[in-house]
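Number of protein chains: 6
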Amino acid sequence: MSYGKLIEYAEAPPEAQAVMDDIKAKRGVPDVNNAWKAMARHPAVMRRFWERAQAVMQPGALDARTKELIYLAVSVANGCHYCSASHAALAGKKGATEPELAEMVEIVGLALEGNSYATFYGQPVDDALKE
Amino acid sequence: MSYGKLIEYAEAPPEAQAVMDDIKAKRGVPDVNNAWKAMARHPAVMRRFWERAQAVMQPGALDARTKELIYLAVSVANGCHYCSASHAALAGKKGATEPELAEMVEIVGLALEGNSYATFYGQPVDDALKE
Amino acid sequence: MSYGKLIEYAEAPPEAQAVMDDIKAKRGVPDVNNAWKAMARHPAVMRRFWERAQAVMQPGALDARTKELIYLAVSVANGCHYCSASHAALAGKKGATEPELAEMVEIVGLALEGNSYATFYGQPVDDALKE
Amino acid sequence: MSYGKLIEYAEAPPEAQAVMDDIKAKRGVPDVNNAWKAMARHPAVMRRFWERAQAVMQPGALDARTKELIYLAVSVANGCHYCSASHAALAGKKGATEPELAEMVEIVGLALEGNSYATFYGQPVDDALKE
Amino acid sequence: MSYGKLIEYAEAPPEAQAVMDDIKAKRGVPDVNNAWKAMARHPAVMRRFWERAQAVMQPGALDARTKELIYLAVSVANGCHYCSASHAALAGKKGATEPELAEMVEIVGLALEGNSYATFYGQPVDDALKE
Amino acid sequence: MSYGKLIEYAEAPPEAQAVMDDIKAKRGVPDVNNAWKAMARHPAVMRRFWERAQAVMQPGALDARTKELIYLAVSVANGCHYCSASHAALAGKKGATEPELAEMVEIVGLALEGNSYATFYGQPVDDALKE
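Residue numbers (my numbering), protein chains in the order written: chain A, 3 to 133; chain B, 3 to 133; chain C, 3 to 133; chain D, 3 to 133; chain E, 3 to 133; chain F, 3 to 133.
Hints in this document: simulated from the structure, not taken from any laboratory.
Where a beta carbon is used, it is the ideal one built from N, C-alpha and C, also for glycine.
Hints may be right or wrong, so weigh each one.
Stated by the list, open to error - Below, simulated DSBU-like cross-link-like pairs (lysine-lysine); rule was C-alpha separation at most 35 angstroms, straight line: (1) D/Lys28 / A/Lys7; (2) B/Lys132 / C/Lys96; (3) D/Lys26 / C/Lys95; (4) C/Lys95 / D/Lys95; (5) E/Lys96 / B/Lys7; (6) A/Lys28 / A/Lys132; (7) D/Lys7 / C/Lys96; (8) E/Lys132 / C/Lys132; (9) C/Lys132 / C/Lys7.
As the list claims (entries may be wrong) - Sample of chain B residues lacking proximity to chain F, with all beta carbon distances greater than 10 angstroms (derived): (10) Lys7; (11) Ile25; (12) Lys26; (13) Arg54; (14) Ala55; (15) Gln56.
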């Protein structure tokens, strides 16, 4: 089993090609990112993730740009550089600016610092937060 | 050394009382959250975190509500319930709505799922993302 | 101190060579993975980890294939691509199939999503789960 | 906004009651776990997670018991005690035994230890793992 | 299967009692912490962890106090409050002071912030760090 | 937006050059690490992190070497290889030895294993740890 290999459109199974076609059409790009070429080895997982991603990331109570900033911040906090780089690009396409990304990444560090204090000091949840 | 104990204002050292006074004044609350009462055992750390939190979370390129949603999403992804509960309350005070929080938490799960695929399939970063 | 360097058998200290010999003999491979060549700088740590890995991963109540799937899932959830790639290969040698790996990685994403909801909503553990 | 509160069936919105009814019927239990009562504040998220959980966890290439062991191991590695306790119970219902759970948790610790060495030593992925 | 339950000495299986006796004798305490009472349901895992913990944490190139500070910092970064609280107490017994713990927890937050920048900016490892 | 790119001194904005000058002067190095060249795209974040890092990492109750070992251990536990490699080098400059680093990394693995047991068994915090 090999995991570094990217599966290009021509060699991808039909179910994966259908997802690639849909991504290219909806994002208006000539080719899909490496993430999708790697997932093409498991077309059903790839299809379900693409469908779920569209449903969750579509504009709703939160706009598309804010949703990408949240996805990006979680990916940074979780240590995934690929995810961070690809969603920073998506955030940019959806209107996020450089100064916004710079603020976002500093908030990630602040939150992780704050989380550490909560773990160390271990205070109980305030009653007012439970009502 | 004991970590469950909350230090109330009356018993807190002066440096911690000064931070508590500032928090109560700026947030317009009668008392500070348990997180601050627990941190009061280490007043210098408490003061630095409070000052840094204000600097990072103040409205800038991103508005205060969006910043809280990002802080909250990172705390959820990082498994800190206290942080999640307290910043959900702050997000609400800064204008976040229930439907927005519901979308936020679902994005966290989607991002962690996507991060897992990136770790498993291990695709290299696209050249286009490096330019 | 340098960490990228791989220590080949010929240049490895005797204690590390002994571990490499044992790995090659027990796995029936001509050479050890890079993970072991990197750990060879600290032979005692390398030896202890190899001995512990054998003890924990040997067939017991759980068979070797299931144990590798668990090790692999944890590595994916924890963001370690090297660990994921090397244990996916080991899982394959122990009988795991492509469809099984595809299901495993989707479960990792589902679990991380579910964990996020537990952190956000913060429900107490059910009494029935404590009895 | 309050997060500790559990929403019982009688007070849950219709969409959440429908999910609770389905969980009770399919699991053959008189009531749902606290996790679902907490999620009931966001019925659409609750419904989507329940539907996705059923699809991913149903027997496929991997049997239901193995899938639960994987979900459980990820939850333990990710630090979610609620998730660990609830899925240990589910694993038991699906046939996992105490000795299997004891082996599972020890594998989690071994994997996290191994992941740490990979992060520290930073060896590149072996070519043989990329082919 | 129930996980909240603590197994007291009198009801513990002989293999677990032997570990409890050893912990009480070596630490000079009248009873073991809850962590050990919970692990007593799986005596073999409990014994192996106790033996490994003693081997890894004994004074070596690093003294016992420094080792506890490292164990503690990792537990804080990893979000484990029980581990943090119990190892803060052990660190104190081994000579760590309040000001040292205050500095330790602030370093954890700084490191997690720095890690976030490395994930976001994704710089390659410097050649000088590989030599 | 591109994240792989390193910004060399000559092309860096003045605020970033000032930080680079300060790092080179205080560390006595001819050039800064890639981490700083990547952060130079966001000079204000870079400056704040450099100032905070100096304040937190300066000798205090804990000496500089111990502080680096803690930062390093957290980075290893958190899966950041770049951070681990760069702080292992800093630890070495501040007096940490190879045997000390070998013990540090084994403690990280032990702590993560111990944290897993705490998550799985879920024992409550001992009263003695709360007093």
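No chain F beta carbon within 10 angstroms of B/Ile25's: holds (21 angstroms)
Compare the distance between the alpha carbons of C/Lys132 and C/Lys7 with 35 angstroms, and conclude whether the hinted pair is satisfied. Roughly 49 angstroms separates the two Cα atoms, so the pair is violated.
Agreement of B/Lys132 and C/Lys96 with the hint, judged by alpha carbon distance not exceeding 35 angstroms: Not satisfied, since the Cα-Cα distance of roughly 38 angstroms exceeds 35 angstroms.
Are the Cα atoms of D/Lys28 and A/Lys7 separated by 35 angstroms or less? Roughly 41 angstroms between the alpha carbons, so the hint for D/Lys28 and A/Lys7 is violated.
Between D/Lys26 and C/Lys95, does the CA-CA distance stay at or below 35 angstroms? It is violated: about 40 angstroms lies between the C-alpha atoms, which goes past 35 angstroms.
Regarding the pair A/Lys28 and A/Lys132, is the alpha-carbon distance no greater than 35 angstroms? Violated: A/Lys28 and A/Lys132 sit about 42 angstroms apart, past 35 angstroms.
Grab the minimum beta-carbon distance between B/Lys26 and chain F and tell me whether it stays above 10 angstroms. For B/Lys26, whose nearest Cβ neighbour in chain F is about 26 angstroms away, the distance exceeds 10 angstroms, so it holds.
Reported absence of B/Gln56 from the contact zone with chain F (all CB gaps over 10 angstroms): B/Gln56 is indeed farther than 10 angstroms from all Cβ atoms of chain F, at 13 angstroms.
Just want to verify: B/Ala55 was marked as not at the interface with chain F; is every Cβ pair farther apart than 10 angstroms? holds (13 angstroms)
Would you assess whether B/Arg54, listed as outside the interface, keeps its beta-carbon beyond 10 angstroms of every beta-carbon in chain F? violated (8 angstroms)
Assertion that B/Lys7 lies outside the chain F interface [Cβ separation over 10 angstroms]: Since the minimum Cβ distance to chain F is about 7 angstroms, B/Lys7 lies within 10 angstroms and the statement is violated.
Between D/Lys7 and C/Lys96, is the straight-line Cα distance small enough, at 35 angstroms or below? Violated, at roughly 46 angstroms.
In this structure, the hints that do not hold are numbers 1, 2, 3, 6, 7, 8, 9, 10 and 13, in rising order.
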